[in-house]
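In order, the protein sequences belong to chains Z and E. Add 221 to a position in the first sequence, counting from 1, and you land on the number used in the numbering used here. Add 216 to a position in the second sequence, counting from 1, and you land on the number used in the numbering used here.
FYI, nobody ran anything at the bench for these hints, they're computed from the structure.
Calculated pairs, DSSO-like style, for lysine-lysine (alpha carbon to alpha carbon, straight line, at most 27 Å):
1. 324(Z) - 602(E)
2. 551(Z) - 487(Z)
3. 410(E) - 818(Z)
4. 334(Z) - 628(E)
5. 602(E) - 624(Z)
6. 330(Z) - 668(Z)
7. 724(Z) - 639(E)
8. 513(E) - 833(Z)
9. 959(Z) - 410(E)
10. 537(E) - 574(E)
11. 533(E) - 398(E)
12. 724(Z) - 629(E)
13. 535(Z) - 549(Z)
14. 286(Z) - 743(Z)
15. 724(Z) - 628(E)
16. 833(Z) - 472(E)
17. 637(E) - 724(Z)
18. 624(Z) - 330(Z)
19. 743(Z) - 698(Z)
Far from chain E, some chain Z residues (derived; all Cβ distances over 12 Å):
20. 650
21. 654
22. 876
A virtual CB, placed ideally from N, CA and C, is assigned to each residue, including glycine.
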Amino acid sequence: MKAGLMICVSLIALGLLANPGRAEESTSAFFEKTVWAKVGERTCLKCHKAGGEAEESKFVLTDPKRSQDQTETMRHNQGVFTKIARLETGVHQSRMLQKVVGKLNHGGKEVLKADFPEYRIIAEWVKRANAMPVAPRPVFVDKNAPPFFEGVVMLDDRRLLRRVTLSLAGRLPTEAELTDVAKNGLKALPKILDLLMKEDAFYDRLREGFNDIFLTEGFDDVPENALSYEHFSTTRGWTQNHDLSHIKDEKERRQAGYKLSNDYRKAMLGEPMKLIEHIVKNDRPFTEIVTADYIMVTPYTSRGYGIFTELKPKFKNPDDPFEYIPVKLKALVGRNRVEDQDSTTGFYAHAGLLSNFQYLKRYPTTETNRNRQRSRVYFQHFLGIDVLELAARVSDAAAVSAKFDNPTMQASECVVCHKTVDPIAGLFQDYWKFEGVYGKRKDGWFKDMFGAGYEGDTLPPKERWRALQWLGERTAKDPRFAVAMVEHAYYLLTGRKVLQPPKELEDSLYDAKRRAFQEQRKQVETIATHFGKTGLNFKSVLKDWVVSDFYRADGLTTLAVHPKRRTELEDLGLVRMLAPEQVERKVGAIFGQPWGKLNDQMAMLYGGIDSKEVTERATDPSGAMGAIQRILANDVACKQTALDFNRKAKDRLLFPHIEPDVLPGTSPEADAKIRQTIVHLHQRVLGHYERVDSPEVERSFQLFSGIVKDASERKGLDPRENYHCRRNLPGDALADPKYTIRAWRGVVTYLLRQPGFLYE
Amino acid sequence: MRRDFLKLCGMAGLGLACPIGPNAQAFDPLKGKDEPPFDGPYYIVFNASGGWDTTYLMDPKGVGDINRLYKEGDILTKGNHKYAPIAKHIQGGMSNEAFFGEFGNDLLTLNGLDYSVNNHAPGARYMATGKLDSMAYPTFAALVAACKGPTCPLSFLTFGNYSATGNIVAMSRVPYLPSLQKIANADGIEGNAKSPYHDDFALNRIEKALREQRESRTVLPLLPRQERAESMLYAAQINSKFMQRVTQHIPATIPKERLAQQAEIALASFKAGVCVSANLSIGQFDSHVNNDPDQMKLIPEFLAGIAYVIRRAEALKIRDKLVVVIQSEMGRTPTYNKQNGKDHWSIGSIMFLGPRIKGNRVIGATDEKQFHVPLNPQTLAIDKAKGIRVRPEHIHEALRQYAGIADHGFSKKFPLGLTEKEKLQGFWG
Chain Z
222 MKAGLMICVS
232 LIALGLLANP
242 GRAEESTSAF
252 FEKTVWAKVG
262 ERTCLKCHKA
272 GGEAEESKFV
282 LTDPKRSQDQ
292 TETMRHNQGV
302 FTKIARLETG
312 VHQSRMLQKV
322 VGKLNHGGKE
332 VLKADFPEYR
342 IIAEWVKRAN
352 AMPVAPRPVF
362 VDKNAPPFFE
372 GVVMLDDRRL
382 LRRVTLSLAG
392 RLPTEAELTD
402 VAKNGLKALP
412 KILDLLMKED
422 AFYDRLREGF
432 NDIFLTEGFD
442 DVPENALSYE
452 HFSTTRGWTQ
462 NHDLSHIKDE
472 KERRQAGYKL
482 SNDYRKAMLG
492 EPMKLIEHIV
502 KNDRPFTEIV
512 TADYIMVTPY
522 TSRGYGIFTE
532 LKPKFKNPDD
542 PFEYIPVKLK
552 ALVGRNRVED
562 QDSTTGFYAH
572 AGLLSNFQYL
582 KRYPTTETNR
592 NRQRSRVYFQ
602 HFLGIDVLEL
612 AARVSDAAAV
622 SAKFDNPTMQ
632 ASECVVCHKT
642 VDPIAGLFQD
652 YWKFEGVYGK
662 RKDGWFKDMF
672 GAGYEGDTLP
682 PKERWRALQW
692 LGERTAKDPR
702 FAVAMVEHAY
712 YLLTGRKVLQ
722 PPKELEDSLY
732 DAKRRAFQEQ
742 RKQVETIATH
752 FGKTGLNFKS
762 VLKDWVVSDF
772 YRADGLTTLA
782 VHPKRRTELE
792 DLGLVRMLAP
802 EQVERKVGAI
812 FGQPWGKLND
822 QMAMLYGGID
832 SKEVTERATD
842 PSGAMGAIQR
852 ILANDVACKQ
862 TALDFNRKAK
872 DRLLFPHIEP
882 DVLPGTSPEA
892 DAKIRQTIVH
902 LHQRVLGHYE
912 RVDSPEVERS
922 FQLFSGIVKD
932 ASERKGLDPR
942 ENYHCRRNLP
952 GDALADPKYT
962 IRAWRGVVTY
972 LLRQPGFLYE
Chain E
217 MRRDFLKLCG
227 MAGLGLACPI
237 GPNAQAFDPL
247 KGKDEPPFDG
257 PYYIVFNASG
267 GWDTTYLMDP
277 KGVGDINRLY
287 KEGDILTKGN
297 HKYAPIAKHI
307 QGGMSNEAFF
317 GEFGNDLLTL
327 NGLDYSVNNH
337 APGARYMATG
347 KLDSMAYPTF
357 AALVAACKGP
367 TCPLSFLTFG
377 NYSATGNIVA
387 MSRVPYLPSL
397 QKIANADGIE
407 GNAKSPYHDD
417 FALNRIEKAL
427 REQRESRTVL
437 PLLPRQERAE
447 SMLYAAQINS
457 KFMQRVTQHI
467 PATIPKERLA
477 QQAEIALASF
487 KAGVCVSANL
497 SIGQFDSHVN
507 NDPDQMKLIP
517 EFLAGIAYVI
527 RRAEALKIRD
537 KLVVVIQSEM
547 GRTPTYNKQN
557 GKDHWSIGSI
567 MFLGPRIKGN
577 RVIGATDEKQ
587 FHVPLNPQTL
597 AIDKAKGIRV
607 RPEHIHEALR
617 QYAGIADHGF
627 SKKFPLGLTE
637 KEKLQGFWG
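Only chain E is shown next, with the shape it has when bound in the complex (with noise of 0.2 Å):
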């Protein structure tokens, strides 16, 4: 019965098989009872939009022009992490020194990352999907979702950022969170469960049909496009029942900062089952003019709506099941142009968060003037030699690796073209 239901849904639609596995999700109107919801792991990946300047971040320097806030030997250390000093220049958000003093000891930084490109539409493709010369691949966040939940009725959320789903999973953007309470109930007058449209048998009548007509389709030789998009189709409406289990983890009041709402809305469809990963992104870090003064507001409030979600997480029970990645699509320039600002950089960094990651490291490095420095991908050590540039399709194949989907259909759909002995090896420790 089940495997009937996932065919009809649409595995067979979307091209390819899809394994029925444990976190494979879906509900069967027919047989009366829920499937249980999605469990994790969640995935979060909080974007910088813009560009942010890591030396006022994870990779500090302090030498010659780079940073006009502080010298080298104001450079800070929790652990392993180096960090540069911006406690004292904040009006509002989170410092680096609170950030990396409660989270340190979680956190797994790359520094280093080569992206390759100064451009900011290019960048964010290429470091959203570990392409850069398509635009046919999708986010690491949508093809989890897709392998992982797709049956999910929020598997894939986004609230910015480059969102390209490859057409192998549904996107859903949910701008308010109310809206959502809006459409938990949708068999109800008004949304009231208690008040259905239709009596229980008029529905389950009606529902039956919907499944004979949708059998009877998969039979017909449609057009691929047909067979996807009434295979995703039936699987929306059908699944959709599952958002009534939203609405109870719905806070009473929203929060006013950009990241935190946009943070409830996809904790709230973590902790309800419906969702399996989220982009979550504040732009605005493209400092061209006044480097300093721009990134210090941002980089605080990115810090803190971070923070809010590791916090919010630990208070909903789910930290444990949470998987945080933090990127921006470039870096800025080692030197200051003529208006105070830093132009776009191909050397960043990128960090990382949640269970099976061992923290308070940090692999690879850039040098005084901000240059990559090669990575052994065996070792992971600076190897100036033999070492590789990592880019965007290493963090990514890593990332398949982690989440246990680098062999599913979807990714061998998509292939990131690396050998073995280029991929990063115990990248999570």
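Same shape as in the complex, but just chain Z (with noise of 0.2 Å):
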């Protein structure tokens, strides 16, 4: 007794148990938030699970990551875990205790020390277990607790409207759009969304979006050499021997050259992602992206494949670099015999993205890496699955790399991800030309690492042709695909991943995270099952996170002070720095053109990537960005007031229902037609529908007006705009005499530095 207590203070001083001031927590909900969460998950699932280490002992535990029934695998979970809980050895020795300290042959050793906080915990489920009823209860739902969403307030439609379409389609909502919105609420968004999801803009999105997961734009040569030139060597240099003696000027001649080499190497960047184009256009099942027995070519890339006469047909336009349409190739020939792909059917063996040239060129394998790399990146984009993120501290990892002979096969250290990584490194075990892609290694498949196969279950040797497709066909049906690709859409939403579950036990905000990690984990699924339904139609999963609550968050009721609930709302709300691309497509929706300079360097500068050695974009603003921002707010606001002016007042954007001769302070007509423009100002650039009495409208106000008292005051000014910003329009509507138009600059400039427009 005395023990036990013991046992449980010490767990209270820990903060280990999940809530340790209610002595009435349920059995449940200790297992779930404390063993589960804190042990079970996170030590003993890596090998006690179907496919894992020890799938053969009498411990197999169930992962959530591959079920559906979260609540179901919770109960079987906690009763695996009972039911071990109750074995003991000996005289009243727990064999689960001796078990976790390396003892009784466990055969991952020892994972725990009798001083871990992990231990403690095990020995406090071993002595519960033994007191409460065999049958384990229903899972701990902790009824009292807020809701997760409660005091934060949810952005309006009108605002959440302009979200969708400058995020999806780079551009303002339609007045259409904005009355059905007005007059449905969110019951309108995804009428609205179905017809966005037919328009280019939106592809451009989807395919930027994707590359910034598989950053297939990143690999390392030039684009043609994504064709082997072992099986393309006669083709896929075909704009070198191009005729183009119809051009007689030679000048003319050699940029028509570099014009066509460059379509056609950027058609050829350009398929991998105008598969998932196609496969969303189309409303086919996203599983196409690892099971399409098809890939996407243009009349300049199938000249690079050899194709383009027998297709020529297909295309509406053959002269067009960039139509893409699907083509199914045939088996590779190469130069010599050995080079030729094994096939049964006369086919290549397509499998979406998995057999990709590109993909597998930017993803290429060595001698020693032997696909494990490609293994690792399957995992993660297909399954969701960071197979590295948590690699097990081995106790000497020389002294087990020294000990075995082949440490992959035989240290139970190094077999817990081995056993997983290589079988998927096997299934590319054909694509293995370090400068190509489709080739045979000589020596065939290496013996010293586990062979092909998915999670368990083995390549049959009639399979190998179609290794690929094989592994396609078995993620469509694992049910983590569904989840990773509602993980890749929020990724494509907010820039940031989904949240990781907490690992510092001993953090005394563990349960605030892990709550946060709950409730986004909730919703994955939610969108994950509802996806699912849909035929996997990847639009479904774009439409439910727009309207969920984690996307809509914009602020709270109050301030939130304590700081385990501001842990829970730590990663809440979108509030999303904009990349180069999408700050340039915004400038165009607003004012009618891009900025045009945050491109090459100054994007890279501004957090951009290049897909191939800078691939995760800045999340947070430097001194550098906050520069370019300086100068991107005077720059386009320089360029853009005056041309405005310039428009007559039915086509403007910006000044639509003012003149530069309305002053303030004047009349009280003057002041009212000022205030409505700063109105109309504040909801075009950063969409915020302000009263005209608002705080932020006189503040704008006194700013426009403050300017043009100081000019009024100020002798020697030039009765003009500035140079810069009026020298390509004509002289005499750009007059300046009281200052105004450069007022309004001012206020433009104002905006354009502010959160609500250089965010999301």
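Got two chains here, separate frames each, mind docking them using the hints?
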């Protein structure tokens, strides 16, 4: 009794019990929030699961990530834990407690030390399991906890609409869309999104977003070398021999040659993401990204494959470098017979991106990584698992390496991962060319690694020629695929990854972090379930995320001061700094034309990616980026303010209801007009719907009137707008004797520097 | 006024209080004059990405089959340092002989570091942050930048390697030196300070309105992400004014070498007082095939890059404020594989150089089979009976102590989990 009390006290002191102050906490709650979250999921599940190293033991758990019924999974796992916790060996010696410290021939050796907090959790569980009724109680639901979104303010429907149209189509909402949302609220969004998802701009964004994940534009070679020399030596360089003799002028002919080559390369780089576009645009099951038995080609890239002539009738415009159509390639034929591709159908064994040349080139193999890199990215891209995230700490990794002839198959510390990773690597075994893609290893596949297969299933020899199709088929059926795609959609929409479960057991905010993770996880699983019911139509995922509380959260009703509540809310709200491409599109949507300067070096400086070395976008602004924001605000305001006033009033985007001769303080009508214009600017530039008497409008009014006043008191000012801001416009229209055009430019500059413009 | 400004710049938004000490710099546009530039120490972390062969550098062996290019008797020394003789095997860059000859008296080496893992990604993460099993921890370079210069416009520069920030500081990537010139005078047309977009009175009004707008937001009940983002945005724009200090330190000619190019950007930013730390990195050390030729090409390039930085820092008169960490994410096996390469090895080394770091010292060791030898953390002597395995968290704890940030709120937010008796005592000499 005393010993049990001491354990309980020590757990409370460590903050390890879910609710240390609540003696009545149920066993199920203790299991889910403490035993499972802190030990079972993190430690035991690595081996004790189907396909795991300990799958043949009596202690086999179910991986929640592979289950669609989380409640039942938790019930099952609690039952298994209970059963084992009741086993004893010798005189009142807990079998479970001995196993975890490496005794009783535990296959995983010592996974916990007796002075670890996790050991104490297991000890507490053993005690409770032996004291409770045989049948486990239902899974605990903390009904007393306030709703997770209590006190969270959601974005109003009009602003949500603007967020969505800018994010997914790079444009402002139309009047019809605004009217629809005003009338029908959130219910209007699915229909609006259905139409939006037919726009070309949506597919530009979709490809851009998925390239941020798959990075296929970043393979390290000239694009046409995605086509291997062994199989396409006579066709892949077709632009070099293309007849341009009809262009008589040598310089023009040379320029045309450059353009031909550039277009070919751009089209070749674009093929993988065009596959995704094709699948989504045509409402095909999104599993086709791993099962599609075709690739996308254009008139230019099909020349590289040597199939243009037969495809030519299928193109609407055979001269369009970027018209993509699906095509099934024939099995590859090499320069030598040994390089011919095995195929029982006569066709290339397409499996969506898995067998895509560009994808395989982006993640090449080497003699030493043996396709393990491909296996790693396969898990990450298609099952949402980072196999290297939680590399097990080995007490002496060097000793393990030295002790075994083949640690990856013999040392339990290594086997735990390699048993999962290596079979997938083996499925890529016939894509072994370091420079090209397809090609068998001369000496056959490695015998000193686990053989080709998938999560415990061995690849049948007769399926080897289509091993990646075999993989794709299994991937498509794996529940983790749908979840991973929902997570990708979240990344596309928010620019950040979904939350991971917290790992610091001693963290006093552990429970709050765990709750934030679980709430988001519930949303992910809900959307994934719906995704499955739609036939895996990816559009449904975007639509579900957009109307979710996670996407719409936009503030609080009261200040969150309690550290636990702040921690729960830490990741909530979109609050995404726009990427360079998004900034340009937003400028274009608001002002009618993009800025045009956030490209190349400037884009990189503004946190962009090159898909090669730099693969993650900056999420917070550095001072250098702050400088770029200042330049952008100054320059866009400079070019657009005078330009807009130079248009006819009905054509203006910024100042449709005011002229430069309206001065502040001259009459109530004039001030009202100025305030109405400010309301319009706040709405157009920031997406904020302000009242004319709001503090924000007042601040902008004071800025405008203050600049005009200062100017009136300054002598010697040029009565015209700045030359740089008016140089491409007719002179007379840009007289600015009262400094109002420049004052309005100041207001636009002010707005462009705000989070409402620079963030999503 | 200054306290208010720092608040607007986001200390509250970042969730923890940041000390307003002599190193926390900021520019207040309404005060009308600049605060002094950040004056160091400046931190550079050099990373040999892919896994270096320490037996060809600071932990020579020459026994068994560990090295084919030299024997044990060929090993050279400089003071207390032992190093592999490589001068006759290299085509360019800087040899060990030259490097230790020039910098040995200032160098602190730790051998027998237990990287603990054999994979690149976890190893890089562990070495950069001191934490193996978390993706949330900031790198040391990011942490020291957040603690010492949170409002510097380029507080944390990175050119590769693992660069997580823990959401406590913005990361800056500056791919090309000339690109800094383009943004140095953000309020001047085409970067020309003499040709401003706005007249001075208009710009002052804009800044004032932005400040008032920011102030009005601080009292609203915002989500934590909103608070943080708005604070960081305000700080980034205001402190971007410091960027103009960089231009005068941009060299007329840009070096061709990879590390030297990165170094010039970092050094110009240090000299201008706009940067606290930088990650510099070159890759391709992963010599699974033909280890010796690869390492003999890359180690000299790496050392030459380090020497370049130190010499340029000397010329810029900031060497006495420059702290250099020289590391990799793993070592290489004590045996050659069938492709004459060496595979991943979880035992290696790390080197340091900088003010208050006593040089000409070697701490820790590996044995003749390149295994770790336990180290007594109190005496720093080899102690096979009671010694510990020195792992990245021990190094990071020491670095935090050295930088004076071990008790900072940000460091406490990312604990390393060492007990007092595990911490390395007197490590810096």
